[in-house]
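Peer 1: As given, the protein sequences belong to chains S and V, one line each in that order. Everything in the first sequence is counted per our numbering, starting at 1 for the first residue and increasing by one. Everything in the second sequence is counted per our numbering, starting at 1001 for the first residue and increasing by one.
Read the hints as simulated data drawn from the structure, not as lab findings. Since the model is a prediction, treat every value here as computed from it, not as a measurement. Glycine is no exception: its CB is placed at the ideal position from the N, C-alpha and C atoms. Treat the hints with care, since some could be wrong.
What the hints assert, rightly or not - Computed spacing ranges between beta-carbons, pair by pair:
| id | chain 1 | residue 1 | chain 2 | residue 2 | range |
| --- | --- | --- | --- | --- | --- |
| 1 | V | S1294 | S | D475 | 47 to 55 Å |
| 2 | V | V1096 | S | I351 | 48 to 56 Å |
| 3 | V | P1262 | S | P110 | 45 to 53 Å |
| 4 | S | D461 | V | K1377 | 53 to 61 Å |
| 5 | S | D277 | V | D1010 | 43 to 51 Å |
Unchecked claim - Here are the simulated lysine-lysine pairs, DSSO-like style, with alpha carbons at most 30 Å apart:
| id | chain 1 | residue 1 | chain 2 | residue 2 |
| --- | --- | --- | --- | --- |
| 6 | V | K1383 | S | K303 |
| 7 | V | K1384 | V | K1373 |
| 8 | V | K1040 | S | K496 |
| 9 | V | K1147 | S | K492 |
| 10 | V | K1033 | V | K1147 |
| 11 | V | K1147 | V | K1027 |
Unchecked claim - Covered by chain S, per the in silico footprint, the following chain V stretches (three or more residues, Cβ under 8 Å):
| id | stretch |
| --- | --- |
| 12 | 1064 to 1075 |
| 13 | 1139 to 1147 |
| 14 | 1262 to 1270 |
| 15 | 1315 to 1326 |
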Amino acid sequence: MNLIPNAAGRRVPDKINGRPAIHYKGVGAHIPSGRTAGRKIPSCTAYPPDGNKVVNDLRIALEMCGLSDGKTVSTHHHFRDGDLVANQVFGMAAAMKVKDLVWFPSAAFPCHAPLIEYLDNGVIHHIEGSMNGPLGDYCSHGKMRGMAVLRSHGGRYQAVQDGEVHIDIAVIAAPAADAFGNCYGASGRSACGPLGYAEADAWYADRVIVVTDNLVPFPCYPWHIQGQLVDAVVVTERIGIPEKILSGTTQITKSPDRLRIAELITRFAEAAGIIHDGFNFQTGAGGISLAFTHFLHDLMREKSIKAGFYLGGSNQLPVRMLQDGLIRHIFDIQAFDLEAVRSSHENPAHIACGPFTTYNYHGKGNLNSLTDIVVLGATEVDTDFNANVVTHSDGRLMHGIGGWQNCLFAKCTVLAVPSFRDRIPVIVERVTTLTGPAELVDVVVTERGICINPRRTDLLDAVKGTDLPVFDIHDLKQQVERICGGAPEAPKTTDKIVAAIKWVDGTVIDTVMGVVDDGQ
Amino acid sequence: MFEAGCSGPDVRSDCLIRFNPDGTDIKIQIESKVKALYGKQIEAQIREALHKNAIKAAQIEITDAGALPYVIWARLETAIRRAGMQLSSLLLPPAVNGVRQDSPRDRQRRSRLYLPGNTPHLFINAGLHNPDGVILDLEDSVSPEKKDAARALVRNALLAVDFYQCERMVRINQLPMGLEDLEWVVPHGVQLIVLPKCENADQVRQVDDRIRRLAPKRQIWLMPVIESAMGCFHALDICRASERIAAVTIGLEDYTADLGVPRTAKGKESFWARSVLVNAARAAGIQALDGVYSDVVDTEGLLAAAGEARSLGFEGKGCIHPRQIEIVHRAFAPTREEVEKAQAIVDAYEKAKATGHSVAVLDGKMIDAPVVKRAVKLLEQAKKQ
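Just need the whole structure built from these sequences, with the hints factored in.
Peer 2: This is the structure:
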């Protein structure tokens, strides 16, 4: 493995887990070639003519689908921290004495901490997916055998489509499914909303197992996943806890500082002329984003402005705007709360879609670039406007990329961040881990004011003469360092690369080194 | 072991320092969420503080949740003092610009944000929410056993925290303890002292004397808080007791307790007291500021209460949460109709003066001098919004 400097000046490996890797070449610079990947050609003769693919339990399904050493198994995070399926799958793999699996989740959550045991005892070789909570800590300490690979949601689709990752077995948790394998996410007692993240897996995996706690009569319609892609259906006690979809930051912030950030974004967007009839927008599920959506709702009602589409993960706030006629459509990959689950089921203007229609960079168009404004978070932003979303300033892996990288392609990307957290500077000289390149980060809004990327002279001009607190990001960094007592030390790292960070086109934009614990 | 500060799962931007003046050398143990980023600086800061005070042997343990340097100094100083040691060199942080500037006596004081004196994470961004003043509180929000810790913390905050355009106020304790508080804050950047539970002019004079001794060259203002029936009856004396008094306010929680009646949302029970206060203030030529509205969630109620305060003659209202500030400012802002009318009055007056008329007339009505005066004041106020 050699390290080569990429277009962003970061040294990245030319091989990851034994396979060749391409270094990042700049935004839009890497032109893919070749053909998309494909699964093995199936034949209906191998499946029951009566269409009943139900098998007795998960073990039989996994055996039938050829689970064996070294295979890649995928699961999805539609239940977020309430997922009950991934742990069952690897528990069963352990019981079957299978080794060296690769787990390819669409995201991991603290509820997956029990999988650390399987990483320790060899059932799982490594994880290619988001690394947060206990798994992030485990990986940061260099305990995982393989290198973690972090991708955005769109990047995950791209990796599967382009053949970078071949999924041997996909296990899809479905809140409603029929015996043929058609499945749907927004009904049943475990309703979780659209099943967007499972779409790539359904199309490209060699084998697909549907696990449901709600077997419905054929046909399960409407469907998110079609049964013609499914090998086996397993009925189980419980697939997930929908109440835990809410886990994490899905409440409007009460912090006055964060509310101030949301207010500044609203005022900025209005002053810059972004809030006009038919504008499209996207906000995350973090506290500041939710508050921004709330303020935007008030502003649009007051000024009688109607938006075109809202790009989700959606939640109750855009759902209310949809109902009030302030948004025409919601495009939704994933529901962030139960109101969104309900709306996606009942409202035809609430459209379920997967990463392939929105986030896949290697598609014939990009819904993200139709978005007028997106509000995102970050753990660090540097004075060049590069941003980090995966590690904390001490170098520890903490968050997955989610749709974050994909969303950067909006016409105006706003990062909503405090300028420091307690004593941890967020505005820094150079981000610890490059996740988003500077040319795509347009505006940084903090409690102390607004910094506009000098590349966006149009936005700088648009807010000239307003009373918005706009200033140079270098000044902000200086202010933060004065408050925090100087620039922070560089975190101590080991010389082992524990994770690679992929850009949306599959190239390697940065790496994460192991952390050194000095008795914290 | 002597300790100062706070630690625990909910504590942010603070630290707990344990100090043991034993052993043969300096031993420092740091546990911190920012150790990877600022561990060396924290150790250097502590070593420097000990060196300056010629402390050559001590064991120090710090449990830190992202305390800023000024907080670490304050906590360390308190721990050392609690060990019964004197400091030859106070642990003062570098001062931000303008910290020793006086504030204008008649400056706008529509809102003042109360900040509990021993809770540092509320300090650092307080000024961003644009209150006209911040009150670092040493009195009711600080429990008796933490008064010493709060004094050091408030002193260091006055120096190190940029409160931007806010007037920096400190609420001292009731006398006599409050006189001792003055020693901590008067030399270090306070602009206005809030004197709680004030009942007579003599209390004001004691504070006035002490301030003069501590900072003879500074113009530090005073704001007595009247919180009892006795205070109400002495209101005019109090307001005229010192040239330093810039404003007076009322503490309704204690006042209603003194009367033995419940405090209601409508505030009928305090109507007399509030009117007395406004009249005493006007007679003494100072500002009357209303008390706080305690229900943080009820923004409609706050808007109504602040509007009522304005109609009674108050020029400002206390805030206990940053989200109240903008609402209070809105309530105290002159309305467009008021501004237009005032402008018309001033225009008519100027026109009459220019044309040599002794009496100005607007819409068939004669304009008296006090009407003009009020209109000018309102326009000035409107300009500041």
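Peer 1: Each hint needs a verdict: does it hold in this structure or not?
Peer 2: Taking the hints in turn, this is what the structure says about them:
Checking the proposed 47 to 55 Å range against V/S1294 and S/D475 shows it is violated: the Cβ atoms sit about 38 Å from each other. A beta carbon spacing of about 52 Å between V/V1096 and S/I351 agrees with the range 48 to 56 Å that was offered as a hint. In this structure, V/P1262 and S/P110 meet the distance hint of 45 to 53 Å, their C-beta atoms being roughly 47 Å apart. For the hinted restraint 53 to 61 Å between S/D461 and V/K1377, the CB-CB distance of approximately 39 Å leaves it violated.
At about 45 Å, the beta-carbon gap between S/D277 and V/D1010 stays in the expected band of 43 to 51 Å. Pair hint V/K1383 plus S/K303 holds up; C-alpha atoms about 27 Å apart against a cutoff of 30 Å. This hinted pair checks out: V/K1384 and V/K1373 have alpha carbons roughly 17 Å apart, not beyond 30 Å. The suggested pairing of V/K1040 with S/K496 holds, with an alpha-carbon distance near 24 Å, which does not exceed 30 Å.
Pair hint V/K1147 plus S/K492 does not hold up; C-alpha atoms about 40 Å apart against a cutoff of 30 Å. The hinted pair formed by V/K1033 and V/K1147 meets the criterion: a straight-line CA distance of about 27 Å does not exceed 30 Å. At roughly 28 Å between alpha-carbon atoms, V/K1147 and V/K1027 fall within 30 Å of each other, so this suggested pair holds. As drawn, the stretch 1064 to 1075 of chain V meets chain S at 5 residues by the rule of a beta-carbon pair under 8 Å; at three or more, the given contact holds.
With a cut-off of 8 Å between beta carbons, the stretch 1139 to 1147 of chain V has 0 residues touching chain S; three or more are needed, and the interface restraint is violated. Beta-carbon proximity to chain S at under 8 Å applies to 0 residues in the stretch 1262 to 1270 of chain V; the threshold of 3 is not reached and the given coverage is violated. Only when three residues or more bring their CB closer than 8 Å to a CB of chain S does the claim for the stretch 1315 to 1326 of chain V stand; here the count is 3, and the claim holds.
When each numbered hint is compared with the structure, violations occur for hints 1, 4, 9, 13, 14.
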